[in-house]
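Chemist: Residues per chain are reported as follows:
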Amino acid sequence: MRWLLTAAAVLLLAGCAQSPALRGSGDLGIVIERAGGRVAIVDTTAQTVLGEVAGLGDLSHASAVFSRDGRYAYVFGRDGGLTKVDLLTAAIAKRVVQAGNSIGGAISQDGRLVVTQNYEPGGIKVFDAQTLEQLSEVPAAYGPEGRRSKVVGLADLPGNRFAYALFDAGEIWITDLTDPRRPQTKKYPAGSQPYDGLVTPDGRHYLAGLFGEDGVALLDTWREGAGSRKILANYGRGQEKLPVFKMPHLRGWAVAGRQAYLPAIGRHEVLVVDTQSWREVGRIPVKGQPVFVMAQPDGRQVWVNFAFPDNGWVQVIDTQSGAIVKTLAPGKAVLHMEFTPRGEAVWISARDDNTVGIYDTRSFARLATLPVASPSGIFFTTRAARIGF
Amino acid sequence: MKYAVLASIVGLLVSVAHAGERERELVRLVRQDCGSCHGMQLTGGLGLPLTPEALRDKPAESLVATVIYGRPGTPMPPWKTILSAEDAEWIVTRLIEGFPQEPR
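From first to last, the protein sequence lines are chains A and B.
Under the working numbering, think of the first position of the first sequence as 1, with each following residue one higher.
Under the working numbering, think of the first position of the second sequence as 1, with each following residue one higher.
Bound-form chain A, shown alone (with noise of 0.2 angstroms):
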């Protein structure tokens, strides 16, 4: 009798832990839902939505990186959480409420530890990828009063180090976690209010953006001994910036090639820079004010994305020629853009019509629209095992 009720019970359990069906995950993705604070699973092989994770909080500024076997999303939300999605059960494995307003975060190159950075209080935070316990902070406290700065662009750099930018301070941080309990960090000048950063793909430069002043804070961590260094000084040649109505992001795949594509702040302009010489190569006028400035995978085009008011426009430039091969109208409110892959397609949300659309990266063909609520940012789970994402 004892028997046949085990038997039963292993039955039952057998029942119960029905798994989904076996699949790989890369060709999977998340599309945040800003204002519902959920995160969309989608297929970009089948360009459909699998299903919806809610519970993420605050996500108005919100980013994700994932862990190397592509089956966890760590989401970065506004309010400070941090929430570990499982993408193949569309379930939360694990969230926490790390800080009171944060910006993003970053994983690191063994894909144990997990960083974020905050604004609030200004520092990043370290945790283990697993589990999500704190295993340390850098309180990012600068000048004699030691006042905490917000904290931008960070971003993995090989070797289990991290960098960023304090925008209250000026300064670029690298802070080597090879101990991640005894974070150990050295500081560089930047400029004046580093806004993002970005690392090249290779992990070797990284760069911060300044909004204070025309220019870009260079910093080759294959020789830090030698210090920062400013690149594409007084770009604005001493002209009055147009208004900002929103801060480009530096973060993605701005390199092409040996040249990369940054957004002019307050104009109206992608600047073209060699990645030898570090000087400016050209630059190229565009719809708007660039937000993303990213290149496809194979470096042939780089699109752009649009603020305020000229939010609705993408364009594509072709790397060979500088000159701009498409316009595209992909609806209201164009927030994000990511490349399958390969690169044979792109996603693109529009927030103000509830819109993911997917082109077509040669033809510019729409090959699907998905309806997705306030879309925002969309990151596919090949970033995992990119440097930098």
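Everything labelled a hint here was simulated from the structure, so no lab data went into it.
Just so you know, not all the hints are guaranteed correct.
[To be verified] Rough simulated footprint, nothing fancy, chain A against chain B, three-plus residues with beta-carbon under 8 angstroms: (1) 30 to 41; (2) 44 to 51; (3) 69 to 79.
A virtual CB, placed ideally from N, CA and C, is assigned to each residue, including glycine.
Position chain B against the provided structure of chain A, taking the given hints into account.
Modeler: The following block gives chain B in isolation, referenced to the frame of chain A:
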């Protein structure tokens, strides 16, 4: 006479509807576009919080001026090409008393 009254009532209704439409636009603009720096819940970000508690000691006129002319030396841009003085006053009044949510 009757027609004149009717016409003015219709006119009034149209202008009320019009004001309602502009107010909806402003609520959306503040939540979404101001929200890109101040947070959709207006709890702050790169920009300062715009909650009633955060604005308690700030005179309304100077807040209206900040919206129209921006704050030089900070990322706060002048909104005068997008917003009228009446728009800015309406927004500041609503911020001080607690800004409306967007209709779901």
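Chemist: It remains to establish, for every hint, whether it holds in the given structure.
Modeler: Checked hints:
no. : hint     : in the structure
1   : 30 to 41 : holds (count 8)
2   : 44 to 51 : holds (count 3)
3   : 69 to 79 : holds (count 6)
The structure fails none of the hints (numbered hints given earlier).
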